[in-house]
Each structure stands twice: as structure tokens, then as C-alpha cells.
Amino acid sequence: MLETPPRPAPVPPPSRKKNRLTDKVIALVWIPLEWLEERSGLVGGVRYFLFRKVPSDTNWFHTLGSATLTAFLVQAGTGVILAMFYRPTPDEAYESIRNITDEVTLGWLVRGMHRWGASVFIILMFFHMARVFLFGAYKYPRELNWIIGILLLVFGMLEGFTGYLLPWDQTAYWATVVGINLNGTGPVMGPFLAQFLRGGDEITGETLTRFYAIHMLLLPGAIAALIGLHLYLVVRLGVSSPPWSPEAAGHDRREVEPRGPGLVRPTARGRIAR
Amino acid sequence: MEPHRGDDKPHHPSPSIWPVGFAVGIACLLVGVIVSRPAAIAGAVIAVVFGVLWARDAMAAGRRPVEPGVGREGLPGVPAPEGEVDEEEAANRYPRNQFLELTTLGLGGVIAGIVTLPILGFAVLPAFTNQEHPGVDLGPTDNFPENEWVEATFLLDPAQGEVSRRTAFVRYNGTGDNDLPSYTIISNRCVHLGCPVQASGPRRDEDAETVKTDQAELRLTPILPANFSCPCHGGAYDTEGNRIAGPPVRAMDRYKFGIFDGKLHLLQAYSVGKVEGEGADAQLEAYGLQGPGEHVDGLEGWLYPIQPQDLR
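In order, the protein sequence lines correspond to chains A and B. Note that the working numbering has the first sequence beginning at 140, numbered continuously upward. Note that the working numbering has the second sequence beginning at 259, numbered continuously upward.
Any given hint might turn out to be false.
Residues from chain A that face chain B, not an exhaustive set, calculated with beta carbons under 8 Å [unchecked claim]: (1) Phe224; (2) Pro227; (3) Pro229; (4) Asp230; (5) Glu231; (6) Thr310; (7) Trp313; (8) Val316; (9) Pro326; (10) Pro330; (11) Gln334; (12) Phe335; (13) Thr343; (14) Gly344.
In silico DMTMM-like links for lysine to aspartate or glutamate, alpha-carbon gap of 25 Å or less [claimed, not checked]: (15) B:Lys514 / A:Glu341; (16) B:Lys514 / B:Asp435; (17) B:Lys532 / A:Asp340.
Have a look at the derived ranges for each label pair, beta carbon to beta carbon [what the hints assert, rightly or not]: (18) A:Phe224 / B:Gly535: 55 to 61 Å; (19) A:Leu297 / B:Gly492: 27 to 33 Å; (20) B:Ile377 / A:Leu248: 34 to 40 Å; (21) B:Asp568 / A:Leu292: 30 to 36 Å; (22) B:Glu475 / A:Gly251: 36 to 42 Å; (23) B:Ile502 / A:Pro280: 54 to 60 Å; (24) A:Glu282 / B:Pro296: 41 to 47 Å; (25) B:Thr361 / A:Leu248: 45 to 51 Å; (26) A:Trp255 / B:Ile275: 58 to 64 Å; (27) A:Leu332 / B:Gly492: 54 to 60 Å; (28) B:Gly459 / A:Leu297: 38 to 44 Å; (29) B:Leu557 / A:Leu357: 50 to 56 Å; (30) B:Asp315 / A:Ile286: 47 to 53 Å.
Quick caveat, the hints were computed from the structure, so don't treat them as lab data. A virtual CB, placed ideally from N, CA and C, is assigned to each residue, including glycine.
Take the sequences, apply the hints, and build the full model.
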């Protein structure tokens, strides 16, 4: 009969009282996370997503992408709240915007965030694109991410175009008239595109509801999906090094380490260990 | 890396010309839908004929005996059937899993098409259908004194409300050579990019009157325009609507008109290339209504062969 190997002696509890309290707090945080991890693998996934190797000489320019993402999230969040107060009909749209700005508590702030945040989003997209271009980060193997980024740029600009009509004041109306007619001068299909955008021969309430639906349903969904793809490729391909870097660009793939059921576990000193 | 150059074995099934004919038929059908019905029918016939030939070809290829030594589907991982199955029979048998795979994909595609087509149609077609409006009653012809300009603002579609308010400049030219009344009715939509063109000259707002018609209220303001000009990008037109300055690409659009029971009615708008002469004697180069910024004549006119209203 084989002897069962002796179990390792339990680690003696840390003597100091303060440490024991810290351990308890950490355990309190980790127990639900362990529960989640065991059933979904989400914690490991998030770790894989967030704690990646990046070149050591990345700099502040590499934050422009996440700044753009933040700007989009601000637009999405404020937009959802604005949609609760906005009424997209020709008789009520302007009045409801006035109501948001003047009457609703903090409405001026949220509308201001959405209005100015729109410009911030567009400007950051261009800054991010300039960074990627000047650093040469669009080159192999990241060409596809550049293409997705261009689609995001186009959809972002379309968000600007469709959102500009919604206040339904003179500026909004005539800017949209000119914008649609500019599209209408495109060869062959231009008149059809303009007709589609107007929802008919003339700009009417249908144009407003159409732009509203495109602005708050179609384009944000498409942008969110494309951002997902964009990030997937960033994680897969890694962050590119700056052009002056001696390090090779890209993600240094580690050897696959054996992983236990609990991927992350607090140690006595509260540091996260594998 | 060396580019993959194939395995020097013939394609299976061998390349066929039928898909090309099928594609030509579909293209012909799509163009025909817009341009002419006979062309569309011809395209459909071509597509069906080549489609049938293609399908027949593809199915015949599926029944062709498989070369010995190659797996049933040519995949390296699939071993050739063992000796106990008659080789010829095995080659002729259509694999069931492949059949189910294709059936599932095909049915899924059909269902997706059935669901998607009406939605796409609903998304696109309403913008192109039911766009006719009955015309606008501008009230008794007495409101338009001879050789004087009146700025009329009216509701193009009273059901839509104020958003359909439009403006036209109206001048009664007296009767022409044929003893019929002549009106110059110019739309104020700038033919550059659609901004509202204004009359440059005094407006007699104190003499403006509101006219009630069967459909809606309209406002008539006497004006004395030296010319018409657009606030957006500086387009300018003379009183016949000809471009005199700025970016517009043609003369201003005009409205057809009719007189019913002594009342002036605005009918369809149309585009004008150039106006020669003045008032009742003016000679117009008239075209179907085009969007702002679209050339009607010259080489650039070829850029806009069909308009959405041509399809109605």
C-alpha cells in the first residue's frame, strides 16, 4: 500500500493583526471573483485583455485611442439620457431641446457634454489617426485595423452629420439642406442618395425622424461593433512600438503556462500571483 | 513565403463559363430595372438559362467518379473508403452530411432573404413613392398686378405643416402673343445647394396680405427686386432667373401654373438651363426638375442621367 505523501504544512498565519485584516478584505474581494472565474473564465479574459505586454517606450501618444473610446462612451451615455427628453417631430423638436437646456435639471450640462463631446470625439479620431500614420503603425500586420479605423471615422462623421439636424433650428435645417444637396451632386447615384436621405422630394418631419433613428440606433450600433473588432485586433496583434524603438514591434507571445482552475489568487502579502 | 501555386492537379469541378453568363444576366436585369423593362426581362431570361446550365454542370461534377487515392471530398484528412464498399458505388453516393450541410445553409439563406428583402424595401422605397403633391392654390389672379413682383410663401403640403413652407417669386406678364396669360413663377430654392434665395430690393411689407385658400393660408408681399441673391454662398440671378454671379450651375427653377376658377395654381416645378428674352416673350430651355447643384446641359449634364422622379 502506498503511503499518501504528507500534505504540506499550512502556511502559518501572519502574526500581525493588521495583515490579517488586509487578507480578509482581499479574500472578500477575491471569493466572488473566483466564483465568477470558475464559471465563466471572465476574470482571466479581462486580465488577458488589460494586462498585456507593451513595448517599454510607449508614450502619451499611445493614449489617443483609448481617449477616443472614452469620448465615444461619453457620447453614448449622454445620448441615451438626451433621448429620454428629446421629441423628434417638426413641431416639438426645437421646443424639447429648449426644454432640456433651460428647464430640466442638469440638462444644460448633459446636452453641453454631448454637443461639445461630439467635436472632441471627431478631433480625437483625427489625432489618433495621425499618430497611427506618423508612427507607421498601420503597416503589416495591422492594415486591417487601419481599414476598420477608417470605417469608424466615416461612421463618426455621419454621426456628426445626422446629429446636427436634431436641434431643428435654422442653422441645423439649412446646414442639412446644403449637406444633403452636396450628396445629391454625386454622379449618377447622387440624386437617389439625396432622395433617400431626405426620405422624399422635400425635407419634412420624416427627414428628422430618419436622421434621429440613424443617429441613435443604426450608427452607434455599427460603431460599437467596429470598436469591438478594432480592439480585438489590437489585443491580437499587440501595441506597435514607436518608430525610434530598438524593440521589435508587436506582442511577444509567451510560452503557454499550465494554468490551474483558479487563475489568480491573493498571496499573503496581497499581491496578485499566478 | 512562396506563393501557393496549386498542386498541379485539374480543378474539380473544372472551371466553367456559366457563372459569367449568369452574372451578365443579373447585371442586365439590374440595369434593366432602372432603364427599360424589355432589357430587364432579357436579363432575367439570360440569368435563368445560365443559372440552370451552371447548376446542371455543378451537379454533374458532383457525380463524377472520384480519383482513386484521393479522399471522397479531396480532403487529405478523409481516408478513401475501405475495400468492403464497392468502389464505384461509393463514388456515386452523395454524402449525406454534405447534403444536410448544404440544405441547412440554403434554407438559412432563403429564410434570411425572405426576412431581409421586405425590410430593405421598407427602408428605401417610401422615399421614392407617393411623392406627388396636388399643387398649390395661390388665390385670385387679381392679387398679381401686371409686371409687378409678388413674393408668395405657401405650404407645399398643408398636412406636413410649417416645415413644408416654400417661397416663390411671381410676376404677371400680361397676355402674350397667343392671348394667353403669362406668369413668371420662380422657385426661391437656390440651384447651387438649395438655400433660400432672397429678392435684392425693397419689400413693401406694409402692403403684404394674407390670403386664405381652401388648403391653407399664404402670404403675398409686393417686392421690387433688382435681382435675386442667395445668402449662403453668394449666388446671384437676374430677374429672369439667369445666373449672373457665384456658384450656381443653371438658371433658377420655375413652377408650371394653371388658372382654375380665376385662381392661380402652382403645379410641378421644373428646371431651366437658360432664359432668352424677358417676360411673356422669354424662351426657356426647360428640363425635368433636378436637384440643386446638378447641371442640366453640357458635358456635366451627362453625370445625372436619371432622376428619382423619372421612375414614377
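Hint by hint, here is what the structure shows:
Look at phenylalanine 224 of chain A: its Cβ only gets to about 21 Å from chain B, farther than 8 Å, so that hint breaks. Nearest Cβ of chain B to the Cβ of proline 227 of chain A: about 12 Å, over the 8 Å cut. The hint is violated. Checking proline 229 of chain A against chain B: minimum C-beta separation of about 4 Å stays under 8 Å; hint holds. Proximity of aspartate 230 of chain A to chain B holds as hinted, the smallest CB-CB distance being about 7 Å (cut-off 8 Å).
Given the 8 Å rule on beta carbons, the hint for glutamate 231 of chain A is violated: about 11 Å separates it from the nearest Cβ of chain B. Interface restraint check: threonine 310 of chain A against chain B, minimum CB-CB distance 12 Å, threshold 8 Å, status violated. Below 8 Å, beta-carbon pairs count as interface contacts, and tryptophan 313 of chain A has one with chain B at about 6 Å; its hint therefore holds. The closest approach between the C-beta of valine 316 of chain A and any C-beta of chain B is roughly 5 Å, which is under the 8 Å cut-off, so the hint is satisfied.
With 8 Å as the threshold, the beta carbon of proline 326 of chain A comes within range of chain B, its nearest partner Cβ sitting at about 4 Å, so the hint holds. With its C-beta approaching chain B no nearer than about 5 Å, proline 330 of chain A sits inside the 8 Å limit, and its interface hint holds. A distance limit of 8 Å between C-beta atoms decides the matter here; for glutamine 334 of chain A the minimum to chain B is near 4 Å, and the interface restraint holds. Of the supplied interface hints, the one on phenylalanine 335 of chain A holds, with its beta-carbon coming within about 5 Å of a beta-carbon of chain B, less than 8 Å.
The interface hint given for threonine 343 of chain A holds, since its Cβ lies 5 Å from the closest Cβ of chain B, which is under the 8 Å cut-off. Because the smallest distance between the Cβ of glycine 344 of chain A and any Cβ of chain B comes to about 6 Å, under 8 Å, the interface hint for this residue holds. This hinted pair checks out: lysine 514 of chain B and glutamate 341 of chain A have alpha carbons roughly 18 Å apart, not beyond 25 Å. Annotation: proposed proximity of lysine 514 of chain B to aspartate 435 of chain B holds, straight-line Cα distance about 19 Å (limit 25 Å).
Restraint check for lysine 532 of chain B and aspartate 340 of chain A: the C-alpha separation of about 24 Å stays at or below 25 Å, so the hint holds. Against the hinted window of 55 to 61 Å, the Cβ-Cβ separation of phenylalanine 224 of chain A and glycine 535 of chain B comes to about 57 Å, which satisfies the hint. Between leucine 297 of chain A and glycine 492 of chain B the beta carbon distance is about 28 Å. The supplied range of 27 to 33 Å therefore holds. Range check, isoleucine 377 of chain B to leucine 248 of chain A: Cβ separation about 38 Å, and the 34 to 40 Å hint holds.
The given range of 30 to 36 Å is respected by aspartate 568 of chain B and leucine 292 of chain A, whose C-beta atoms sit roughly 35 Å from each other. Here the CB-CB span from glutamate 475 of chain B to glycine 251 of chain A is close to 38 Å, well matched to the stated 36 to 42 Å. At about 58 Å, the beta-carbon gap between isoleucine 502 of chain B and proline 280 of chain A stays in the expected band of 54 to 60 Å. Checking the proposed 41 to 47 Å range against glutamate 282 of chain A and proline 296 of chain B shows it holds: the Cβ atoms sit about 46 Å from each other.
The hinted window of 45 to 51 Å between threonine 361 of chain B and leucine 248 of chain A is violated, with their beta carbons roughly 57 Å apart. The beta-carbon spacing between tryptophan 255 of chain A and isoleucine 275 of chain B, approximately 60 Å, falls within the hinted interval of 58 to 64 Å. Taking the beta carbon of each, leucine 332 of chain A and glycine 492 of chain B are about 26 Å apart, not inside 54 to 60 Å as hinted. For glycine 459 of chain B paired with leucine 297 of chain A, a C-beta distance near 41 Å keeps the hint of 38 to 44 Å intact.
Checking the proposed 50 to 56 Å range against leucine 557 of chain B and leucine 357 of chain A shows it is violated: the Cβ atoms sit about 37 Å from each other. Checking the proposed 47 to 53 Å range against aspartate 315 of chain B and isoleucine 286 of chain A shows it is violated: the Cβ atoms sit about 36 Å from each other.
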